[in-house]
Amino acid sequence: MPKRPNILFVHVDQMHWQAVSAYGNPHVRTPNLDRMVADGCSFRASYSAMPQCCPARSSWYTGRMSSEHGVPVNNCPILPELPDLGQWLRKHGDYETVYAGKWHIPGRKTEQSFRVIFGTGEGEHADGGVARACMGFLENYRGSKPFFLNAGFMNPHDCCMTAGARGGLGKFRFASEIMEQLPPLPQNFRKDPHYAQRTRGWRELDWRYYIYIYYRWVEMVDAEIGRLYDALRTSRFADNTVVVFTADHGDGLGFHGKLSKGYMEEEAWHVPTIMIHPGHIPTGQVDTEHLSIGVDITATICDYAQVPGLPRMTIGKSLRPLAEGRAVTDWHEYVVGEAFLGRGQIGVRSGQHKTIFYCDGPVKVFDLKADPLEMNNLAVTAEGQAVVNRHREYLSEYVGKLEICERVSNRRPQAYATYIQFYRGLKKGAKP
Amino acid sequence: MKRRDFLALATTTAAALAAEGFLPVLAAEGTSKRPARNGQGHRKPGPLSNGTNIFTEPCAIEPVTGYLPAFAPIASGAMQDGFTASYSLIAWKKAAAISTNRVRGSLRIRLAEGQYETRETRTSKKANTVRTTMHCARDLNTVKSWRLESSIAGEEELRFVEEGVWDGTIMTVKAKSWSQQRTTTHPLIARWALLPLLASGRLKNRPLRFDMLDDSTLRPDQTLRYSGEIEIPVKGGKAKLDSYAQAGQGIVPTHYLVDRDGRVQLITMSHVNWALSALNN
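One line per chain: the protein sequences are A and B, in this order. Per numbering that gives the first Met the number 0, the first sequence runs over residues 0 to 431. Per numbering that gives the first Met the number 0, the second sequence runs over residues 0 to 280.
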């Protein structure tokens, strides 16, 4: 068996999939992520298993979808019997498993699965500490075991907590002093007077300042990631360490007039994913074709660690052969993402189209090639109906693979009820 | 807090809140008592940007409004030549009627003969302490070389030391295991080396364009400019301070509030802010 590589899993929180300057975004400068893009393979059709922190993270670390691991929405506890990647790689790969930063998997203490070297996720306050703790580990690690080092950066998630009084806008008034630097509103911005309380009364300037400061938070975390990445790249571990970078979910960033996450439009669901392994993954690859989903990260890490997949990991597939340029014949024809906040919604993405099935009935259909900003709902067209029918079949196939968690936590029971009822109906042949 | 300080503060705060319609009795009336301001005319009440929040103007103090009632500006000492300054890290935690703040770290800066020594500690589940020693040029306090040591409480094996130099274009950082280089396009100035520049008043008439060294990370293309005098509520009353605003790549907009004797009393960012707690020459 070849020597197991070290694995550095770098994740950020709430990063819009296009918030990378190497992807052509002129409003943000991410020289460090850009170097990572240049050094490896960036998967540009990568999606979150569930675009909210706790469920998405639980999916990374268990290989299970949100409806399987007991965390359908934030703050619900993970099923205690499910092993996570830390425990799994320790047991089956004899890895030194190490963690710094944001974890946010309720019901599972990080210490149960990792040696925790630094605190929790606190963006502006502690992302520097996360980088330095991981750099200190790289500087001093002399163990014989391969390591699985996890760097959980919080930013750009600080965008959720505008530091102002009484839910106010903090420094938003500063916008008038940097008018010429404010990015424009997205083309698909539309003002919804009934949208989240936080944004009611926002002027165009406020939205643009939000986008401006969001990108600064991205740049802040980019600087810290760059410190860590360079420390690895020039260290003795450089050649034998796989780097996996991704985000738990995106951010509204004004697209469709929204902020935050928890829904299936691209800005919230789509995430950046980058993989680097010098000498194994060709540099400068861009993969826009292959769809991937959060649980593929789990399968990928298991693949590199040369350990079996986690139990009942039925959806995830390893990205490794794609990244290494090998032929893959059975890749995902579609991916499914879940969001069980509020009314609940399921996203099905195939090559060109996306359908959003709302658990209470309606659907939206988009042609992402012709309409990447999702401005033209095709649901009532013949084209749209054909897509819905095909995606409905995909969804039925997908549900057949799941081991749905029916153990309902008393925290947020409605979220469980949403998917249990929806999937039960689907299994009985009801049309979503 | 002395009774008269408390009364003065309570009166100031209550008056301000009342003026903004935030006191429950006024809020219940559903009408704004707020006067027109700065020629912008009357705005509708509400907590958001178009609303009535006394702390949105000046926006510079928004992240620390919960701390200000306990903040007494330091009234002696100077920051231009040799000095030792201590700051408390005022973390923003959440928004209530005013920001909820708590002290979550400390910073000590000692400047003597072109050499800075800093010790910054941020508490989290484990405290991270960063000590730097930095040599600077005399002109703009640009960085010549530095040494940084990072340690995590209780984790001796996570300690590392870096040494850096800047040759006017390239900054190079080396540790035992790694080396990093970044290209700069402006004078490289460390964040804490800005303090004597602010204290000097030189920036009042001429904005500063620079690249910033923060820890050992590069935050390029910064602009620091004077943005006027502001009056803020502090312990026992009000203080008039000069506000300087910094914006640029990789930072959140940062305000430096400087008193008439050049002491940088407050530095506000967003979730991390600094309040001067001691100053010695």
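If you're looking for bench data, these hints aren't it; they were derived computationally from the structure. Don't take every hint at face value.
[Claimed, not checked] For lysine-lysine, the following DSS-like pairs were computed, each having C-alpha atoms within a straight-line distance of at most 30 Å:
hint: 1; chain 1: A; residue 1: K108; chain 2: B; residue 2: K234
hint: 2; chain 1: A; residue 1: K90; chain 2: B; residue 2: K125
hint: 3; chain 1: B; residue 1: K92; chain 2: A; residue 2: K108
hint: 4; chain 1: B; residue 1: K175; chain 2: A; residue 2: K144
hint: 5; chain 1: A; residue 1: K144; chain 2: B; residue 2: K173
hint: 6; chain 1: A; residue 1: K190; chain 2: B; residue 2: K93
hint: 7; chain 1: B; residue 1: K92; chain 2: A; residue 2: K144
hint: 8; chain 1: A; residue 1: K108; chain 2: B; residue 2: K173
hint: 9; chain 1: B; residue 1: K125; chain 2: A; residue 2: K144
hint: 10; chain 1: B; residue 1: K93; chain 2: A; residue 2: K108
hint: 11; chain 1: A; residue 1: K2; chain 2: B; residue 2: K175
hint: 12; chain 1: B; residue 1: K124; chain 2: A; residue 2: K90
### Task
Sort out which numbered hints this structure fails and list those numbers smallest first.
As far as the earlier hints go, 1, 7, 8 are violated by this structure, in ascending order.
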